[in-house]
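**Q** Residue-level listing of the chains:
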Amino acid sequence: MLGLMTVDSAGDLAPPAPASKEELLVQVALGDQSAFGELYDQIAPRVLGLVKRLLVDHAQSEEVTQEIFLEIWQSAARYESTRGGASTWILTMAHRRAVDRIRSSQAGRDRDTKIGIRDLAVAYDHVAETVEVRIEHERVEKAMTRLTQLQRQAVSLAYYGGLSHSEVADKLQIPLGTVKTRLRDGLIRLRDELGVAS
Amino acid sequence: MSRRNEQHPADLAGAYALDALNADDMAIFEAHLAESEEARIEAAELKDIAVALGLAVAPVQPSAAVKANLMAMLSSTPQLPPLPASRATSPAAMDAAASDPGATPAGPPAATATPGTEGAASTGAATTGAPRPSPDIHFGDASSTPRPSTATERAQTRWFKRPAQFVLAIAAAVALFVGGISLGQALNSNQFESQQAASLAQINAANDSQRAATTTVDGQEVTLVWSNTLGISALLVDNLPALPGDQDYQLWYMNNGGATSAGTFDSSGDGTVWRVLDGTMHTGDQVGVTVEPTGGSDQPTGDPIVALQS
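In the order they appear, the protein sequences are chains A and B. Everything in the first sequence is counted per numbering that gives the first Met the number 0, starting at 0 for the first residue and increasing by one. Everything in the second sequence is counted per numbering that gives the first Met the number 0, starting at 0 for the first residue and increasing by one.
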């Protein structure tokens with residue numbers, strides 16, 4: 000508790016800048032509901048954007064978003080800032096939850112028809128609302144162009160489509176082992192590209 | 000299709016970062032992670048790349064209902080303590096504290112006695128805070144004595160602030176059903192309040208959430224919302240007249256088996272009063288309201304002022 004108090008005190012003395020997501024998570028872990036509300040305002044559109052990208056259906060995506068934020072509330076004390084930023088923690092959780100929903104429910108089957116007619120490039124909506132999002136978007140889109148077509152398809156289907164590696168193999172009609180290596184090689188390539196860019 | 004069958008677990012790193020592993024491969028890969036520092040580093044890096052893919056997606060603004068539901072559920076949603084692995088900073092001190100909580104280590108008793116003794120009961124904040132280690136405590140360091148009490152004060156301040164925030168949360172939740180409301184007049188304790196709000200949010204969030212509307216015998220608007228799968232319902236009434244001190248409104252579930260009391264409430268006379276019904280709602284139950292002596296009756300003693308079919 001003393002360790003956290005120190006953070007509290009520092010926060011009190013600091014100028015009234017908006018709290019970072021990491022600071023807010025510390026408050027949320029202590030049961031601070033208004034910090035939770037603020038954290039929600041900061042990142043919920045990101046979470047819903049990602050979840051909806053996978054699930055397509057809006058109502059269902061909101062439902063999953065609600066589950067994700069309840070999980071954030073419940074497990075905020077388990078967030079470790081030494082292991083990455085709050086956005087990383089939250090978006091990792093969000094993606095996992097969306098994928099779980101796809102695998103466990105009718106959602107997967109319902110959205111198959113929709114996903115079939117959908118472009119699988121990075122850019123679906125060109126309505127990037129903020130400069131920050133646009134820059135991040137363009138950065139990733141550019142990095143994606145450095146992948147081989149097969150790597151790009153495999154990574155997109157897995158991450159944005161929420162498909163398992165064997166489903167990716169079925170869809171692209173390539174052996175599972177190839178999918179595994181393409182996913183890994185693709186991400187390593189992206190890591191190198193994005194690493195250079197930042 | 001005759002590619003080599005043999006796979007190295009390290010090949011699974013990409014699919015792992017993308018949440019694309021099935022359960023079997025997940026087990027294989029996690030075993031691999033446990034053994035290899037290098038693999039853990041790669042896995043963390045690739046997870047970051049996956050997150051970058053996630054951050055490249057255009058944000059979508061959720062409807063106000065999502066936040067309202069969440070805020071209403073917080074008070075009744077327990078929070079987990081930190082993972083044991085993350086608090087191994089001072090294992091010896093932890094063990095001592097855990098194995099003999101009654102004993103006060105040599106040093107100021109305040110260090111163990113002060114935090115959480117007041118206001119700790121049933122608050123999520125207190126239970127969450129309690130298991131946290133205090134690796135920075137140095138017994139005999141005078142500055143450590145006031146600090147815990149400050150922490151306690153802070154925790155209490157947070158807690159005492161809750162009702163106001165909470166009322167807002169309920170307001171938001173209720174506003175999902177009807178506009179322009181004055182609040183939960185039947186509510187009289189925090190715990191009851193949080194249960195009520197959580198139940199209302201639950202009904203609203205349920206896939207099979209339904210509603211029916213009618214008017215009382217005197218023309219006030221009445222709305223019933225319910226979920227058959229959850230077996231709960233809530234009644235909302237506009238401008239229900241205040242009753243004399245010796246009377247309460249009483250809710251009933253009514254079916255072929257007769258009437259079962261579902262709790263009492265009162266009303267200030269204007270705005271919307273609402274109450275989640277006690278007990279379990281069964282599909283097809285009617286919900287009725289009667290005026291009864293304060294505290295309620297075992298069976299309705301008068302005609303219902305309103306009855307709705309679910």
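Hints may contain errors.
Some but not every residue of chain B turned toward chain A, in silico, with C-beta under 7 angstroms [what the hints assert, rightly or not]:
1. A16
2. V56
3. T76
4. D217
5. G218
In case anyone wonders, no lab produced these hints; they're calculated from the structure. Note that CB positions come from ideal geometry on N, CA and C, so glycine has one too.
**Q** All the hints need checking, so say for each whether the structure fits it.
**A** These are the hints, each one checked on the structure:
1. A16: Holds, because the Cβ-Cβ distance from A16 (chain B) to chain A comes to roughly 6 angstroms (cut-off 7 angstroms).
2. V56: holds (5 angstroms)
3. T76: holds (6 angstroms)
4. D217: violated (37 angstroms)
5. G218: violated (35 angstroms)
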